[in-house]
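Q: Residue-level listing of the chains:
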Amino acid sequence: MAEDSLFQINLVTPERILLTGMASEAVLRTAEGDVTFLANHTPLVGSVEAGVVRVIRPDEDDLRVAVHGGFVQVEQGVVLEGGDTDGQTTGSRVTLLLGVAELADEVDVEAARADLEAAESKVAELTGAGRPAGEADESDPALAAAEADAAWAQARIDAVDATATSG
Amino acid sequence: MAGGQERILRRRIRSIKSTQKITKAMELIAASQIVRAQGRIAASRPYQDGMARIVLETAMGDWFSAGRLLGTPDDVSSVLVLCVVADRGLCGGYNSNVFRATERLLVEKQEAGIETRLVTVGKKAQGYFRFRGIEVAESFLGMSERPTFADARTVAGAAVAPFVAGEVDQVIVVSTRFHSAGSQRIEVRQLLPLADPRNDEAKASHEDEPGVSRNIAPDQVPDVKHGYTEFEPDAAILLQELAPKAAETAIFAALLEASASELTARQRAMAAATENAGELIKKYSRIMNRARQETITTEIMEIVGGAEALRAGTHDDEGGLVIQTTV
Chain A
1 MAEDSLFQIN LVTPERILLT GMASEAVLRT AEGDVTFLAN HTPLVGSVEA GVVRVIRPDE
61 DDLRVAVHGG FVQVEQGVVL EGGDTDGQTT GSRVTLLLGV AELADEVDVE AARADLEAAE
121 SKVAELTGAG RPAGEADESD PALAAAEADA AWAQARIDAV DATATSG
Chain B
1 MAGGQERILR RRIRSIKSTQ KITKAMELIA ASQIVRAQGR IAASRPYQDG MARIVLETAM
61 GDWFSAGRLL GTPDDVSSVL VLCVVADRGL CGGYNSNVFR ATERLLVEKQ EAGIETRLVT
121 VGKKAQGYFR FRGIEVAESF LGMSERPTFA DARTVAGAAV APFVAGEVDQ VIVVSTRFHS
181 AGSQRIEVRQ LLPLADPRND EAKASHEDEP GVSRNIAPDQ VPDVKHGYTE FEPDAAILLQ
241 ELAPKAAETA IFAALLEASA SELTARQRAM AAATENAGEL IKKYSRIMNR ARQETITTEI
301 MEIVGGAEAL RAGTHDDEGG LVIQTTV
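Line by line, the protein sequences give chains A and B. Sequential numbering of the first sequence, starting at 1, is according to our numbering. Sequential numbering of the second sequence, starting at 1, is according to our numbering.
Honestly, the hints are just simulated from the structure, not real lab data. These numbers were taken from a predicted model, which means no experiment stands behind them. One or more hints might be untrue.
[Unchecked claim] From the structure, some residues in chain A lie toward chain B, with a derived Cβ separation under 10 Å:
(1) R16
(2) G21
(3) S24
(4) G70
(5) F71
(6) V72
(7) E75
(8) L98
(9) V123
(10) T127
Cβ coordinates follow ideal geometry from the N, Cα and C atoms, glycine included.
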């Protein structure tokens with residue numbers, strides 16, 4: 001694969017580097033919709049929504065990561081360091097800062113399903129308490145937390161499910 | 001009578017010896033944990049660096065609307081102080097140094113007519129501030145030795161949320177920074193608003209960007225330009241989302257560094273305690289040996305004295321008891 005069609009991707013959590021290496025495509029969801037990053041994308045800073053991030057790599061299987069929100073930064077013409085850069089020294093780099101994230105292989109599906117159920121019943125309980133759905137969004141932090149939990153559980157399940165069907 | 005003092009000393013030495021074993025064990029445990037704690041600091045750096053770069057980029061993108069999120073506020077009416085100490089003692093001056101710095105800061109702010117609110121991490125802080133009659137808004141326990149990011153989030157919930165909600169104008173952290181195994185320093189620094197990256201942009205772009213560093217010749221360093229970046233969503237909105245996250249990251253870093261500092265302080269304190277115990281053992285052994293020798297001498301003197309008395313009381317030729325005194 002031609003050199004300039006690759007970029008360095010770093011998936012970083014506060015406690016460790018989840019992934020660093022060269023990729024040809026990265027698919028994720030930002031606040032304004034789904035985006036696919038290719039090499040030489042315009043510099044960008046954005047927020048990442050809870051869901052599945054897919055990384056397409058030249059010689060390896062696609063990688064799926066369940067994320068619980070975070071930020072993404074795309075940089076151009078930076079010096080690439082650390083990880084396997086295939087001998088490339090400068091190029092574009094996509095960095096994802098993820099507060100909480102799990103590689104698809106590491107997800108405990110049973111636990112995720114249980115979490116999802118718990119979170120959904122919590123959401124149902126909070127929205128069912130006499131308030132029309134959607135209106136309670138900002139007024140109730142507990143509801144927002146429960147919805148975030150549900151999204152995170154769903155993301156973990158999705159990451160694994162798609163892995164299973166594609167592999 | 002005889003040997004009484006000796007027995008007491010022997011018991012005391014035995015007790016010091018077992019204390020020494022405990023302090024030695026604590027020293028070794030702390031030493032082994034320092035390595036892990038340092039590893040955790042190193043592992044968290046990429047995230048911190050990445051966060052610093054994103055904040056810089058976003059702040060450069062739209063610093064007009066950053067408002068109260070960046071820079072040092074001029075007009076502060078209330079401040080939240082986050083004090084990070086250990087759950088356990090036995091670590092020398094580690095805790096009390098942080099307490100002193102915190103108290104000084106609180107007094108300083110109160111004298112300036114600024115309302116203060118205190119949030120603490122570490123069990124030791126609870127007792128200290130309760131004793132001093134200083135009100136603690138919220139305190140967190142059980143995370144000082146091995147803080148996780150989830151812990152940092154919990155703390156951020158109490159320390160950052162009031163700032164976001166506009167209840168306080170400034171959040172300040174008092175904690176111990178871990179510079180190296182040989183140097184830890186108490187630091188009082190502003191957590192929120194975020195430090196204005198424009199002020200030290202030149203510095204930041206050389207220190208915080210792992211891309212611009214060591215093993216690459218200066219002429220190969222690409223010219224990183226700011227201001228051509230897209231934002232999704234808008235930089236202003238993004239900054240509002242970023243600020244709490246960046247604060248969370250900074251709290252996590254503070255917790256990690258505090259835990260490494262605590263372990264180092266504990267190792268040093270325990271090494272000193274072990275050494276001191278060794279000295280005490282030496283000193284008491286010496287006293288004990290002298291006491292034992294004295295007892296023996298006294299006993300011999302008594303026997304000799306008794307024998308002499310016996311001999312004096314009988315005829316010389318009948319005496320069957322002859323003692324050679326060489327003492």
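Q: Give a verdict on every hint.
A: Against the structure, the hints:
| no. | hint | in the structure |
| --- | --- | --- |
| 1 | R16 | holds, 5 Å |
| 2 | G21 | violated, 14 Å |
| 3 | S24 | violated, 21 Å |
| 4 | G70 | holds, 8 Å |
| 5 | F71 | holds, 5 Å |
| 6 | V72 | holds, 9 Å |
| 7 | E75 | holds, 7 Å |
| 8 | L98 | holds, 9 Å |
| 9 | V123 | violated, 20 Å |
| 10 | T127 | violated, 23 Å |
Hint violations for this structure: numbers 2, 3, 9 and 10, all remaining hints satisfied.
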